[in-house]
Amino acid sequence: MSNKQPHIVAENVTLAYGTNIIQRGLNFTVKRGDVFIIMGGSGCGKSTVMRGLVGLLRPTEGEIYYEEQPFWNVPPREHERMKRRFGVMYQKGALWSSMTSAENVALPLEEYTDLSDRQIKKIASFKLALVGLAGFEDYYPYEISGGMQKRLAVARAMSLDPEILFFDEPSAGLDPLSSRRLDELIMELNQKLGTTMVIVTHELTSIFEVGNNSVFLDAATRTQITTGDPKVLRDQAEDPRVREFLTRGKL
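Counting from 1, position 148 in the sequence shown corresponds to residue 148 in this note's numbering; the numbering is continuous, with no gaps.
Possibly wrong hints are sitting among the right ones.
[To be verified] Taking lysine-lysine pairs in the BS3-like style, the calculated list, with each CA pair at most 25 angstroms apart, reads:
hint: 1; residue 1: 231; residue 2: 31
hint: 2; residue 1: 31; residue 2: 192
hint: 3; residue 1: 83; residue 2: 4
hint: 4; residue 1: 192; residue 2: 231
hint: 5; residue 1: 192; residue 2: 121
hint: 6; residue 1: 231; residue 2: 4
hint: 7; residue 1: 192; residue 2: 83
hint: 8; residue 1: 83; residue 2: 121
hint: 9; residue 1: 4; residue 2: 31
hint: 10; residue 1: 83; residue 2: 31
hint: 11; residue 1: 192; residue 2: 4
hint: 12; residue 1: 122; residue 2: 192
Calculated directly from the structure, the hints in this document are not laboratory data.
From just these sequences and the hints, can you work out the full model?
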């Protein structure tokens with residue numbers, strides 16, 4: 001992926017809640033087509049960094065660029081237009097329990113497009129088929145398994161054909177088999193669609209299975225330690241904290 005163009009660039013980014021700084025001085029690049037992992041121990045601010053990337057938390061310093069266009073220093077209308085390029089899968093799915101699978105996927109299409117009901121229904125079925133849920137259009141979230149709920153959340157995140165997909169702890173709460181199947185789905189979508197993906201996770205299996213680029217966040221110093229391919233960092237990172245995290249102490 002080294003020949004790919006930068007898709008997302010964080011430049012000297014600091015994120016905070018009031019006076020409480022979560023991460024400071026972040027500098028990393030996500031290239032087009034990357035599966036980029038935001039990793040680090042509990043409490044280091046992984047999800048907070050994702051909030052900054054998707055437009056839910058404005059940095060107190062620095063800027064985030066999407067294809068060289070500043071994300072936080074553009075007019076509000078352009079900022080909203082840029083956010084339409086994203087698809088987000090939240091940690092707990094954030095599915096509407098009162099809506100069927102197809103209705104969950106259709107909701108963004110109804111909100112942000114002028115497509116007919118027939119077109120929306122067809123697209124929703126197609127997105128469900130992409131994640132292995134063909135035939136489950138009329139099932140409610142509580143009628144399907146946890147792994148299938150995660151796939152449904154992915155289908156909804158893909159409903160508007162985003163350039164970038166964000167995942168916040170996608171395998172949280174899943175058994176190992178369901179987690180592996182979700183990793184396989186993420187890899188398949190990345191390879192078939194070429195979609196850039198940014199994933200918040202601390203799960204080693206997922207990190208090595210799907211990631212080709214990453215940033216490692218440290219809770220103690222509240223900044224990044226390093227960036228790069230997780231497999232390379234596991235074997236070659238100079239900082240022992242990175243190698244210890246990526247081997248879970250089995251050095």
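Verification of the hints:
1. 231 / 31: holds, 17 angstroms
2. 31 / 192: This hinted pair holds, its Cα atoms lying about 17 angstroms apart.
3. 83 / 4: Status holds; Cα separation ~22 angstroms.
4. 192 / 231: holds, 23 angstroms
5. 192 / 121: Cα-Cα ~23 angstroms, so holds.
6. 231 / 4: OK: residue 231 and residue 4 at ~19 angstroms, within 25 angstroms.
7. 192 / 83: Status holds; Cα separation ~23 angstroms.
8. 83 / 121: holds, 23 angstroms
9. 4 / 31: Judged against 25 angstroms, a Cα distance of about 6 angstroms means the pair holds.
10. 83 / 31: Satisfied, since the Cα-Cα distance of roughly 18 angstroms is no more than 25 angstroms.
11. 192 / 4: Within the cut-off at roughly 16 angstroms; holds.
12. 122 / 192: Judged against 25 angstroms, a Cα distance of about 20 angstroms means the pair holds.
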